[in-house]
Amino acid sequence: MSQTVSEAASPTAQRTRDIFFVSNSVNELGGITSWSHQMAGLFAGRGHRVHVIGITEPGEPQDIGTDLPYPTTTLYDEHPPRVGPARGIKGRLNVAERRLRARRERGMHEQAAKLTALFAQAGPGAVVIVTQVWAMEWVELADTSGLLVIGMSHESFGYSQASSRGARVRKHYKDIDRMLALTREDADLWIRRGLNNASFMPNPLPFMPEVPSRRTEKIVTSIGRLHDQKGIDMLLDTWAEVAPLHPDWKLRIYGSGEDEEQLKKQCTALGLDGSVEWMGRTSDVPGALRGGSVFVQSSRGEGFPLALMEAMATAVPCAAFDCAPGVHEIVRDGEDGLLARLGNTGELARRLDTLMSDKELRDRMGELARVNIQRYTTEAVVRRWEELFLFLER
Amino acid sequence: MGAIGERVTPQARPDVSVVVIVYNDAERLPTAVQSVLDQTLHGVEIVIVDDCSTDDSYATAQRLAAEHPERVRAYQLPENSGAGGEPRNVGIGYTVGRHVMFLDSDDVLERNACRNLLEAAERDGSDIVSGLCVRLSMDTRNKKRDQWYPWLYATTRTLESVTELPDLFVWDTLSTNKLYRRDFLVENSLRFPKGMFYEDLMFIAEAYLAAERITLIPNQVYFWHVHERAAAKSVTNRRHEMTNFRHRLEIHRRIDALLAERGLDELRLFKDIKFLKHDLVLHLRDLPFRDDSYRQEFAGLARDYLAGLDRAAYDEVQPIQAICAYLLERGDWANLLPAVDTLTNRDKISSPLAERDGRVYWCAEHLDDPFGRRVLDVTELGYHGKRFDQMFLRNVLTRYEESAGTVRMAGRIANPLGIVGPDAALTAELEFTARRRSLQSFRFPVSVVRYEGEAVTWEASVDLARRLRPLGVVDAVWDVRLHLTADGVRTRTRLTACDPGLAQGRLPVRPRLTRLVADHMEPEVSQRGHLAFRLVTRDAASGRIQDLVARGTRGVPGRLAKSGFRRAKKLRKDLTSGRNKLRVYDEVFSRLPVRKGTVVFESHLGKQYSDSPRAIYEEMRRQGLEFDAVWSYAGSPEGFPGDATLVRRWSLPYLRALAQAEFWVDNQSYPLKLTKRPETTYIQTWHGSALKRMGFDEPAWKLRGKARQDEQERVLGRFDRFLIRSEHDVRTLAKALRLKEKVLLRVGYPRNDALVRAKRLEDASGVRERGPLAAELGIPEDKQVLLYAPTFRRHGGRHGRFALPFDVERFAEEFGDRYVLLVRSHYLNHVVLPPSVRGRVIDVSAHHDVTPLYRLADAMITDYSSVMFDYALLDRPMLFFVYDYEEYVHEGRGTYFDLRERAPGPVVDTEDELFAALKALDEQVLEYGPARARFVAEFGEYDRGDAARSVVDQFFSHWSAK
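Taken in order, these protein sequences are the chains called A and B. Under our numbering, residues 638 to 1031 are what the first sequence spells out, in order. Under our numbering, residues 274 to 1235 are what the second sequence spells out, in order.
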């Protein structure tokens, strides 16, 4: 609080803060967990006092290591009761449901009190970063006076509208200090829907491999959970159009998930068993990327896809559905990768064909991708965060 | 959340200074100031400037300054300046912040406004940052919100010069929704003109032009509070005053000079366009209510300015706006006033119109002036194609007298293009209905209706005092309409009372409820210029009672009554909602027994009686089967068969018929949400083979999530039989709709039986039978018939209007002696043909069934429509006019095969190529014969002329009467 205005005006001025990350879980499998711990580590490295908080235990955990340079806390011992929407007279008369609802509400206040206690220990200029809107329901019950509260939406605006998150983001993030989308385009869309506090912040590059791909193997790589969102079914339709043109090429699909069996059936039905390799989940993403010459992404929805950034950092050119502003933010279409309209498998097939047919183009785009992607280095992104903290204090 | 407290110290320079101006608005000033104090950005100071108010405004401002000494300062002008410009100038002088904003005392800033504007300003280094302004109508129940030119603020964007976005320059002329770099204002000596209205226009024009960088952000920043009913209306609401208009023109002249000085001709053109679209229209709309001297003075001022306008601007505005400006400039009052009526009432036809050389003009005058001819040409508006009952005609009140409770009125109704003929049987009646809730209406006969060439005149005498009995209280305003019937066709008009002072007076009435609130009626003129009557009272005491009543309707009991009414309305809506109908379908109708021998037919979602369902139905009738036929219709049942039960789509009888039917026969889809019972057989005839990718082969379907794909599959799984014309259908449609092999019925399309038979007949006899349609359409024996049937186009303007991709007048000129062209647009599009092509080009889009049109046509022009697969069966010449091939085929959803490779006729891209191909039509009969045969073999192998019979034999023959 003693900071003077002249300091705030200077973007290089740096001071250490208490920074809280609040997520659904500390270690739920997925991109948000990877992102949170990457950022937490970066902030801690800059001398900030970081604390990562999860509301509850994860459904499927991710290994985050044991030797973290910051504390973590999980509020609930068991998952809070799930309640359905109480609609109409029927909903109001359902006694069991009402009890459950009341119990959930009491529990939420208890847990929020824990948050209040944690926040109260923070020094001046402390920041709460809420990474998912569900977690915001607890943060908004806690006392955050004197703290900056920043809420994030880690997916594209369009994709969030397809779920209940669209409405919940607008409700719970309405009065916080800043709502952050992943790109300006997404932020503009949120603003047009009435979130006047919306702005944006890109994800940092997860890693920068020492050794890039040499792009000599005739391999197209895909990495992603075998889940509806990743659109592997559309990838197979796409591959069915490309494979006959390039009989010497293989499609390697990394990942596992609930749709595995169905997708393998589809693969067989399309007669692609000879050219598709199911690799399962990998813990060596850089290695998987280095083994390929082209990366393909066929998702129905994304935010600011780390997989594309990783592929580009490995100097592998990408062909992808332009399913989110984050995608055309990362890939400069026609310059360091090629994009196709969402769902147009014929077009994605043509993009793949272009990259697979032309080694020279592949090399040019791959090398340029590795250069271009460095605008999202960790240093650049952390600096933007610190400038944002300063700006919000003015 | 995030309140960090005030941290602006007096010596620190604030990020933003907000200049709040006030004049006689002490009441609202604190709210405006509070909206600045509440900003999420903390470094904001407030400078209040009072324009020498006569109320407590300055005292209020001083109090606010005393309460927030570090953030608020108050100043007063020594004398009133008359407008908002000078206080702002003075305010700028007192500010110390790095940036400046303006706020009016009756408006407020959005909470994050300063923070968002500042962030953009610092990020881009902009001189001006502008955000979205929202107008709030403070007098409406839910504070109606209108965004101010939202299309300018769809996304964040940065301009290096305002010339990059002329729309910003001409449309967003507010000074208040913006943040200015203070040094920018000072260095460029940007000031508001002193003591003039529209001060914003001048200031913002100069600021835009001086700015080296402008950023637009989509965030809402400024809430403009609009008080319609306020006693002291602000300047924009008093626009009828001549001074306003004079000031407006003066400001426009100054800006024009500024643009001329800088050679910004393009910006000037955009500004001229805006003048015609906006500024002039605001004043024109008031003209009908003004007297002659006002009109003359107005015209004098306007004419001068209009003369300097770029004539190219007339092409960029709506036709009626250009017509009004032109007639005003020419001083043609007789034609201008009707045109203003159409300007106010968009659908109205106010002029008798004139047809010359096959084009339709607004009026017969000025056609010798080439520019006038261009402006007055209204052919494209399609007035001439409208039916009498679709027309909304101008009806001018020419006489109004009252005596002893009786009103005698007379009027003239426009008769455009002589649509009412001299011998038409004419009758009319006047109808009075309450504006609010039409609880009752009263009708009065019109005694005289006369044809008078360009007009139909009428006279009536209405005994209002005795015959019109309002309830009182709830029905204060009564609207008047005149229904004119000509040869049995009726059209509705409203009475335009444009002469000021024509309709005046006061009639006694006897409200049914109470005479306490009203005992008289007075004529009045609505904002749209139409005659109405208002209940009034002469008694001073009852005026007070009216106040009481008004308070009652606005107070708590009134609110309760109104909300009760709304709730009742909602309940009624809920009961008839789709969801509840579905519930009735699932829980009631679907539990009733299936009625054997019942078949429900539907074609194209009930829009037509056509296609294969019709062919099957007619075959069943031909065989004399005994069954219960039900046909579904959407809209009007006209044209559907009289010997079937007709049910409106989505009505309860429709749902019940479907739930109990033994068969569903349809060519597109029954409502997706309806579950088919296992006892019901669904025969899906489908409506065309596919060139464009369909179903799950379309990107839009593919990218749906799994849950929605499963739902879609369930819907398609309702088909028990699916008709197939060729193995091409199996490879495309059947696969794309994920149909099982056992569902496919390889019998061809029943609708095409007639085509196959026609071909056989022609081959056998050597004579082409045209059928009765030729005479119906008036096609001479010696002319060949071409059918143009393009596929659906999404783009192409509002109301689904489809602009023909070739010059239809040129076609008529070149080929009118040889061909008659029939134009059939997709049922979601419609076309307008100029009168000049009458008899040579005919719009046949309204015909339900396309098959007779095929048989009539000697050749077909199409693009990607599935009509190609059907028409090919006739073995007649076909042309493929694919002017947007790349866009449609590659950019769109893609095709199953390359049309250019397999088309059984010339594929042409331009009008010239099309016309050249039409000249050589006869040669194509032979040249493309083998190609057509291959095409039919590939895409229509199962169309053998017996499809309807096969279907009927297979499913319905056991219902034979014998």
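No wet-lab data here; the hints were simulated from the structure. Even glycine gets a Cβ: it sits at the ideal position worked out from N, Cα and C. Hints are supplied without guarantee of correctness; some may be wrong.
Partial list, computed: chain A residues near chain B (C-beta under 8 Å) [stated by the list, open to error]:
1. 668
2. 669
3. 833
4. 979
5. 983
6. 996
7. 999
Results for each hint:
The interface hint given for residue 668(A) is broken, as the beta carbon of that residue sits about 19 Å from the closest beta carbon of chain B, more than 8 Å. Interface hint status for residue 669(A): violated, as the beta-carbon distance to the closest one in chain B is roughly 20 Å, over 8 Å. Checking residue 833(A) against chain B: minimum C-beta separation of about 5 Å stays under 8 Å; hint holds. At about 5 Å, the closest approach between the beta carbon of residue 979(A) and any beta carbon in chain B falls short of 8 Å, and the interface hint on this residue holds.
Interface restraint check: residue 983(A) against chain B, minimum CB-CB distance 5 Å, threshold 8 Å, status holds. Hint on residue 996(A) is violated. Least Cβ distance to chain B is approximately 26 Å, over the 8 Å limit. Checking residue 999(A) against chain B by beta carbon gives a least distance of about 24 Å; that is not within 8 Å, so the hint is violated.
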